[in-house]
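Enquirer: For this one, chain A is given, so just place chain B on it according to the hints.
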Amino acid sequence: MKIVVCVKYVPDATGDRGFNDDGTTDRESVDSLLSELDEYAIEQALKIVESGVEAEITYLTVGPDDAKDALRKALAMGGDNAIHVNDDDIAGTDALGTSLILAKAIERAGFDLVICGMASTDASMGVVPAMLAERLGVPQVTYLDEVTVEGTTVKGGGTVKGRREGDVATELIEAALPAVVSVTDRTGEARYPSFKGIMAAKKKNVEALDLDDLGIESDQVGLSAAWSIVDTATKRPPRAKGEVVEDEGEGGVQLAGFLAAKKFI
Amino acid sequence: MLDHRLDDEYEQLRRTVAEFAKDVIAPAIGELYEKHEFPYAIVREMGRMGLFGLPFPEEYGGMGGDYLALGLVLEELARVDSSVAITLEAAVSLGAMPIHRFGTKEQKETWLPKLTSGEMLGAFGLTEPGGGSDAGATRTTARLDEATGEWVINGGKCFITNSGTDITGFVTVTAVTGTKGDGGKEISTIIVPAGTKGFTVASPYSKVGWNCSDTRELSFTDVRVPAENLLGERGRGYAQFLSILDEGRVAIAALATGLAQGCVDESVRYSGEREAFGRPIGANQAIAFKLADMEMRAHNSRLAWRHAASLLVHGERFKKEAALAKLYSSESAVDNARDATQIHGGYGFMNEYPVARFWRDAKILEIGEGTSEVQRMLIARELGLPR
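Top to bottom, those sequences are chains A and B.
The numbering used here puts the first residue of the first sequence at -15, with every later residue one more than the last.
The numbering used here puts the first residue of the second sequence at 9, with every later residue one more than the last.
Heads up, a few of these hints could be off.
Think about it this way: if two alpha-carbon atoms lie no more than 16 Å apart in a straight line, the pair counts; the simulated EDC-like pairs of lysine to aspartate or glutamate are [said to hold, decoys possible]:
| id | chain 1 | residue 1 | chain 2 | residue 2 |
| --- | --- | --- | --- | --- |
| 1 | B | LYS215 | B | GLU225 |
| 2 | A | LYS225 | B | GLU281 |
| 3 | A | LYS187 | B | ASP16 |
| 4 | B | LYS298 | B | ASP273 |
| 5 | A | LYS52 | B | GLU17 |
| 6 | A | LYS186 | B | GLU19 |
| 7 | B | LYS122 | B | GLU66 |
| 8 | A | LYS186 | B | ASP15 |
Computed spacing ranges between beta-carbons, pair by pair [what the hints assert, rightly or not]:
| id | chain 1 | residue 1 | chain 2 | residue 2 | range |
| --- | --- | --- | --- | --- | --- |
| 9 | B | ARG282 | A | ALA93 | 51 to 57 Å |
| 10 | B | ALA294 | A | GLU230 | 30 to 36 Å |
| 11 | A | ALA(-3) | B | GLU236 | 54 to 60 Å |
| 12 | B | ARG287 | A | GLY236 | 32 to 38 Å |
| 13 | A | ALA(-3) | B | THR118 | 42 to 48 Å |
| 14 | A | GLU149 | B | THR118 | 43 to 49 Å |
By construction, these hints were calculated from the structure, which means they are not laboratory data.
Please read all numbers here as calculations on a predicted model, not as lab measurements.
Where a beta carbon is used, it is the ideal one built from N, C-alpha and C, also for glycine.
Okay, chain A solo, but in the shape it has when bound:
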């Protein structure tokens, strides 16, 4: 079978992130990397293969030149090859446009299972997997905490099974392949690449595609075609200094008063 894992190259979530004047992501002032939430998707794809399912793993990203770093890291963790969709006209594309590009690239590559992270660590919308399933016309099974694949044959077929933990119930869900799934950060820590993996990744094929290759017109994507744009952004104010309670015999009362005022007690 063929597994496509969608990965995103994002500004480091631990850095001081911000926006450009036009509301697009500022990629200059903060180092970017493979989205941590997508590492869980990669780990699950590798686990599926290690569980005995015969599958080819392809990573797919849409992003600028440097986004190939994300693909290199993914390939160093394991997997077979990658697709990098890169086109100047993509800049400023929103989730809807991104899902179009991803869907076209996935259709072009062929797939039985698409695995996504639960959201990106920059935009954090978490809507792309659902949009992708809709565009591909296949079932979606999102926010899984556990995922397995069963019954696949060389001709395709099989099912993907998963567990989704909610506030009121734990759901066991399955869907016939082909399908799109998204996995949470509770699926298990992603592995660190080994040096051998890093060396091997150099030899793995990364296919570069642009909008033409996917039959997408430039006015279908980009900032001007976006359905959602960042209107304004305000930096989070620095954390205010805490309130210091001077204990002159009734510090406890003051503390209780503070907590009551904040409705903690």
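Expert: Below, chain B without anything else, positioned relative to chain A:
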């Protein structure tokens, strides 16, 4: 052309290990250090990452890397913790490398795959209570019992890293196996598997630092091992050891650089957060200049070990450069640890702060793998001074 940038894959390795050190080692090491516990879980994870197999060929489970790759890893580990770094350094340079370099095909097949995967540690027993670098002082003996085809070993070793963990598989020991033609001692190296009758491992030492590293005293009483446990040529034991010592110095220099850099990392952060007299202490020139000096030492240490590693990897002579790197980086580590502790003030004397751990871990770097005095002696010798 001179280019100090790392190749992509080396840079990726460095970043991967830096991430591992920050996410996995940093949160766990304080408690392990306090309890003097060997970091089994961390070692297991490092094994999975292939770090124990870095400079070994793939046919024995290695990663096909080299000493530059190993140095990068040691530096990033030691930037967070030296016990973990020295555990890896000793396992590779002293445990596995002699087997790889001098072992027979059978010895390599028996031991290397387990060593390169990190599931087993090997140790090297050279130092004795009577002296380390002085071969003539070796008192441990090994007599070949012709009747049984076994070596019979008697004696003792001290300060042996990785020799008493639950996953230690063997100790390679140097022992006197006879007298050379010139009347000197014939020294050979012999592999003694853990658990061999008569081979006892004492409780761990109480050390000033490197608390999570396993260091033991060993004793051998009529220990019998098969004749084929001889590692390399009979009578070449000490020469063999000397030949791997220079590589070990490059590795220790990388480790020392990591500690020196870790001191900078912690101190820069603290100087930005800690306020005194209404402003962050980093705004004071007394602190800023200290930090500039610390950064200079860490930076130059890095240039020194990478230069030595580059010569080593390219098969060129690197004896002097290894000694220079080891000497400079270990003294830089001690200087930086002292300054970092000073910048942290009272907190720097508290074990819960990483710089206190760095301070305790730094001193041994001027002693192990050749003292600073030995390094100066080697450098002076390389200058061709009269002897």
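Enquirer: Please go over all the hints and tell whether each is borne out by the structure.
Expert: Here is what the structure says about each hint:
1. B:LYS215 - B:GLU225: Given that 16 Å is the threshold and the Cα spacing comes to 13 Å, the pair holds.
2. A:LYS225 - B:GLU281: Since the Cα atoms of LYS225 of chain A and GLU281 of chain B sit roughly 13 Å apart, the hinted pair holds (cutoff 16 Å).
3. A:LYS187 - B:ASP16: Since the Cα atoms of LYS187 of chain A and ASP16 of chain B sit roughly 13 Å apart, the hinted pair holds (cutoff 16 Å).
4. B:LYS298 - B:ASP273: The hint holds at about 13 Å.
5. A:LYS52 - B:GLU17: Holds, at about 14 Å.
6. A:LYS186 - B:GLU19: 13 Å, holds
7. B:LYS122 - B:GLU66: Cα-Cα ~13 Å, so holds.
8. A:LYS186 - B:ASP15: Cα-Cα ~12 Å, so holds.
9. B:ARG282 - A:ALA93: 51 to 57 Å: Taking Cβ atoms as reference, ARG282 of chain B and ALA93 of chain A lie about 53 Å apart, which means the hint holds.
10. B:ALA294 - A:GLU230: 30 to 36 Å: This hint holds: roughly 32 Å between Cβ atoms.
11. A:ALA(-3) - B:GLU236: 54 to 60 Å: Holds, since ALA(-3) of chain A and GLU236 of chain B (Cβ atoms, about 56 Å apart) stay within the stated range.
12. B:ARG287 - A:GLY236: 32 to 38 Å: 34 Å, holds
13. A:ALA(-3) - B:THR118: 42 to 48 Å: 47 Å, holds
14. A:GLU149 - B:THR118: 43 to 49 Å: 47 Å, holds
In this structure, every one of the numbered hints holds.
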